[in-house]
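Trainee: The sequence shown: position 15 = 156 (my numbering), numbered continuously.
Between beta-carbon pairs, the in silico distance windows are:
(1) E185 to K157: 38 to 48 Å
(2) L199 to M156: 22 to 32 Å
(3) D198 to G220: 30 to 40 Å
(4) R187 to L155: 27 to 37 Å
(5) Y179 to K213: 18 to 28 Å
(6) Y163 to D192: 38 to 48 Å
Since the hints were made in silico from the structure, they are not lab data. Every residue, glycine too, gets a C-beta built ideally from N, C-alpha and C.
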Amino acid sequence: MKFPKRFQPAFAPLMKIKQNPYAIKENEDKLGKVLQVYDKRLGEIRFLGGDEFSLADLSHLPNINILAKKKKKKEEEEGVGMG
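Work out the full structure, taking the sequences as your base and the hints as a guide.
Mentor: Next up, the structure:
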């Protein structure tokens, strides 16, 4: 099954599809740039869409959950934070 590169990092593992390392690296680089924009924006306002929680914020929750789980798994594998 072939699907767009941008879906590789998040969905290939869940669907047990072979991952494309190039697609993962490319998307990690793009994500880093996007997160920098979010950090700047959230330094200026309370939520992504303005001063109140909105669909803009809600639409990001699934992706943030995936990123948090991946970060936790990576830290566990590397022994980071294991008192």
